[in-house]
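Number of protein chains: 2
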Amino acid sequence: MFYLTLCLHLTFLCNAEEGLEFPNFDGKDRVLDINERNYKKALKRYHLLCLFYHEPIPTNKGLQKRFQMTELVLELTAQVLENKDIGFGMVDSLKDAKVAKKLGLEEVGSLYIFKDDRVIEFDGEFSSDTLVEFLLDVLEDPVEMINNAMELRTAKHLSLKMNEVNFYEPFMEEPAILPGRPLSEMDIVEFVKQHRRATLRKLRAENMFETWEDDMDGIHIVAFAEEEDPDGYEFLEILKDVARDNTNNPELSIVWIDPDDFPLLTTYWEKTFKLDLFRPQIGVVNVTDADSVWLDMSNDEDLPTAEELEDWIEDVLSGRVNTEDDDETASDQENSYIYVTEDSYENDEQDEEYDSED
Amino acid sequence: MFYLTLCLHLTFLCNAEEGLEFPNFDGKDRVLDINERNYKKALKRYHLLCLFYHEPIPTNKGLQKRFQMTELVLELTAQVLENKDIGFGMVDSLKDAKVAKKLGLEEVGSLYIFKDDRVIEFDGEFSSDTLVEFLLDVLEDPVEMINNAMELRTAKHLSLKMNEVNFYEPFMEEPAILPGRPLSEMDIVEFVKQHRRATLRKLRAENMFETWEDDMDGIHIVAFAEEEDPDGYEFLEILKDVARDNTNNPELSIVWIDPDDFPLLTTYWEKTFKLDLFRPQIGVVNVTDADSVWLDMSNDEDLPTAEELEDWIEDVLSGRVNTEDDDETASDQENSYIYVTEDSYENDEQDEEYDSED
Chain C
302 MFYLTLCLHL
312 TFLCNAEEGL
322 EFPNFDGKDR
332 VLDINERNYK
342 KALKRYHLLC
352 LFYHEPIPTN
362 KGLQKRFQMT
372 ELVLELTAQV
382 LENKDIGFGM
392 VDSLKDAKVA
402 KKLGLEEVGS
412 LYIFKDDRVI
422 EFDGEFSSDT
432 LVEFLLDVLE
442 DPVEMINNAM
452 ELRTAKHLSL
462 KMNEVNFYEP
472 FMEEPAILPG
482 RPLSEMDIVE
492 FVKQHRRATL
502 RKLRAENMFE
512 TWEDDMDGIH
522 IVAFAEEEDP
532 DGYEFLEILK
542 DVARDNTNNP
552 ELSIVWIDPD
562 DFPLLTTYWE
572 KTFKLDLFRP
582 QIGVVNVTDA
592 DSVWLDMSND
602 EDLPTAEELE
612 DWIEDVLSGR
622 VNTEDDDETA
632 SDQENSYIYV
642 TEDSYENDEQ
652 DEEYDSED
Chain W
302 MFYLTLCLHL
312 TFLCNAEEGL
322 EFPNFDGKDR
332 VLDINERNYK
342 KALKRYHLLC
352 LFYHEPIPTN
362 KGLQKRFQMT
372 ELVLELTAQV
382 LENKDIGFGM
392 VDSLKDAKVA
402 KKLGLEEVGS
412 LYIFKDDRVI
422 EFDGEFSSDT
432 LVEFLLDVLE
442 DPVEMINNAM
452 ELRTAKHLSL
462 KMNEVNFYEP
472 FMEEPAILPG
482 RPLSEMDIVE
492 FVKQHRRATL
502 RKLRAENMFE
512 TWEDDMDGIH
522 IVAFAEEEDP
532 DGYEFLEILK
542 DVARDNTNNP
552 ELSIVWIDPD
562 DFPLLTTYWE
572 KTFKLDLFRP
582 QIGVVNVTDA
592 DSVWLDMSND
602 EDLPTAEELE
612 DWIEDVLSGR
622 VNTEDDDETA
632 SDQENSYIYV
642 TEDSYENDEQ
652 DEEYDSED
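Taken in order, these protein sequences are the chains called C and W. Under the numbering used here, the first residue of the first sequence carries the number 302, and numbering increases by one thereafter. Under the numbering used here, the first residue of the second sequence carries the number 302, and numbering increases by one thereafter.
If you're looking for bench data, these hints aren't it; they were derived computationally from the structure. It should be emphasised that the depicted structure is a prediction, and the values quoted were computed from it without experimental measurement. Mixed in with the good hints there might be a few duds.
Identical copies look the same in the list; a pair holds intra-copy or inter-copy alike.
[Unchecked claim] For lysine-lysine, the following DSS-like pairs were computed, each having C-alpha atoms within a straight-line distance of at most 25 Å: (1) Lys-362 / Lys-541; (2) Lys-402 / Lys-345; (3) Lys-329 / Lys-366; (4) Lys-403 / Lys-341; (5) Lys-572 / Lys-403; (6) Lys-341 / Lys-399; (7) Lys-503 / Lys-341; (8) Lys-575 / Lys-385; (9) Lys-341 / Lys-396; (10) Lys-362 / Lys-494; (11) Lys-362 / Lys-345; (12) Lys-329 / Lys-572; (13) Lys-362 / Lys-399.
With these hints in hand, go ahead and build the complete structure from the sequences.
Put into structure tokens, the structure is as follows:
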């Protein structure tokens with residue numbers, strides 16, 4: 302046994318001094334097979350219970366292997382969080398249909414987290430990294446108590462007043478103050494629900510699918526900007542300006558994607574959207590077929606100004622810039638399969654607008 | 302075949318609309334088995350060639366499985382970067398010893414990247430995410446040309462002067478200006494080498510082992526701070542102040558770890574260092590045995606001030622605060638195995654220092 306451990310150490314950690322040991326799955330099964338007999342006990346036993354609701358196990362070997370990989374993600378997550386009082390289980394959508402119904406599991410392929418009397422659906426990247434980070438966040442108290450001198454200074458800096466609830470939208474400098482007093486829990490929940498879709502939202506691994514599903518009538522305005530790259534940083538600053546100017550426009554929401562956060566998707570996006578992601582980009586994506594049009598910044602030496610970007614966004618919101626061709630195929634798009642090539646899209650109009658500075 | 306694809310889609314992507322499809326390994330072998338006959342051809346053929354230098358394939362089944370997982374990481378990386386003209390190969394330290402010697406591969410378990418006439422050693426987390434991000438960075442030109450009006454404004458904002466090379470250390474507001482003119486390539490390389498170890502450095506997945514190996518006489522001053530958490534953010538601001546005050550002290554380097562960047566290591570660190578990582582922490586870690594001592598902030602309502610932190614750091618650098626007991630075992634620590642329990646460490650001294658504000 303000692304020899305094996307040593308080998309592993311040599312193969313995988315020979316560069317590491319002590320202090321940075323990534324966990325490998327230790328082979329111990331921690332994920333429960335949930336069924337009618339054990340689900341109540343599991344719910345009672347753990348502070349958090351995470352249930353993966355899945356399709357029946359496939360008979361095909363290749364697919365079985367994929368299924369095992371999914372199980373492995375859960376097993377490793379369970380191992381890493383072993384001392385955090387979190388239970389993990391699998392619920393088969395066919396075999397355990399009754400249990401699923403009782404627990405209110407609906408979306409096959411989702412992970413449901415039971416905490417106290419609430420259910421939280423995890424709708425992010427299915428990797429141990431993302432899951433562990435998400436679950437550690439769920440364990441934390443969602444309300445941060447401001448109760449020491451340092452934090453009071455923080456609060457004052459934000460010009461927070463007594464008995465006032467301020468709502469900070471991402472990337473906004475000024476908060477919205479919740480109207481009405483005294484505020485009930487329902488008032489607050491209602492306000493947050495209404496203002497949840499931010500004018501500028503960052504795509505995050507832990508809820509990326511949720512964000513993507515929350516589209517604007519089937520489209521997203523998507524901006525790619527690498528925060529650590531000088532061009533990307535500048536472009537992001539412009540986006541923030543645009544968002545601050547338009548924070549009261551409920552129709553507008555820009556999804557900001559930092560390619561650095563999604564290395565495995567970067568080349569897929571480049572291919573799907575026919576883009577160079579080494580540069581900042583902004584465009585409109587149709588979420589049904591991933592068809593897209595992008596603001597042409599390739600010939601411009603400068604990035605667009607906030608005003609130019611707002612003009613373009615106005616064109617998008619009014620439908621003047623859209624992902625479909627302006628010819629006859631657009632009228633019956635709901636009933637037929639339309640193939641629109643990137644080349645057939647006419648974007649001379651914008652080129653003109655942004656070339657005029659030269 | 303259509304059925305299989307559909308199934309997969311249902312199981313893994315049922316939440317996704319189009320636009321966010323994570324790649325699954327497609328089963329095609331792309332990683333080469335490098336040997337004496339093919340290594341020269343491989344070097345010539347690709348813009349980048351990545352060679353994983355590994356121990357001979359183990360005979361034990363469990364270890365073989367781990368080895369296959371490592372191969373899978375490389376295969377998925379190769380698949381994702383398929384159109385980027387990057388070759389991938391494996392070099393067996395026993396079977397291909399001659400090739401390894403010719404190519405200058407030294408550290409088993411490392412990945413070597415050949416670009417033009419240079420070799421870059423990857424010394425980060427061995428995951429597809431991290432590898433893809435790292436390789437995309439390597440593909441980019443390391444020199445950013447400042448050649449348009451927008452970027453010139455940037456440059457002016459940084460008060461960059463003609464024919465001057467400025468060196469920005471991480472988290473510093475003021476640059477160091479490289480002395481002497483005209484500057485040769487060697488001057489610049491030499492200056493960067495000398496100033497490479499920053500006063501405050503962030504641990505990053507892509508070079509975490511390299512950073513960790515670059516210790517200060519066997520220890521690291523490690524600060525844990527979650528940038529997205531209010532306390533963590535405040536503590537990081539204090540750390541930056543300390544770093545700016547001490548940027549000219551070559552003895553001081555603080556490794557800042559944002560636990561959010563390393564979800565899989567968080568509970569390992571909590572266990573190894575006996576810490577609560579929901580709060581900011583700072584301490585000294587002995588990299589040989591991961592023994593550590595941490596500044597006691599648990600009884601304080603406030604975080605330490607920059608001055609208090611500097612006093613503590615002075616104690617660390619002078620050896621007054623260290624990871625070993627002050628008794629007789631310390632004198633012969635190089636020749637014997639010393640077990641120092643956390644409980645036996647006396648840190649009343651600091652408690653006094655920081656309790657004095659109450």
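Okay, the hints, checked on the actual structure:
no. : hint              : verdict
1   : Lys-362 / Lys-541 : neither (49 Å within a copy, 53 Å between copies)
2   : Lys-402 / Lys-345 : within (18 Å within a copy, 59 Å between copies)
3   : Lys-329 / Lys-366 : both (18 Å within a copy, 15 Å between copies)
4   : Lys-403 / Lys-341 : within (10 Å within a copy, 63 Å between copies)
5   : Lys-572 / Lys-403 : neither (43 Å within a copy, 37 Å between copies)
6   : Lys-341 / Lys-399 : within (13 Å within a copy, 61 Å between copies)
7   : Lys-503 / Lys-341 : neither (37 Å within a copy, 44 Å between copies)
8   : Lys-575 / Lys-385 : between (44 Å within a copy, 14 Å between copies)
9   : Lys-341 / Lys-396 : within (17 Å within a copy, 55 Å between copies)
10  : Lys-362 / Lys-494 : neither (44 Å within a copy, 52 Å between copies)
11  : Lys-362 / Lys-345 : neither (36 Å within a copy, 38 Å between copies)
12  : Lys-329 / Lys-572 : between (40 Å within a copy, 19 Å between copies)
13  : Lys-362 / Lys-399 : neither (27 Å within a copy, 39 Å between copies)
Comparing the model with each numbered hint stated earlier shows that hints 1, 5, 7, 10, 11 and 13 do not hold.
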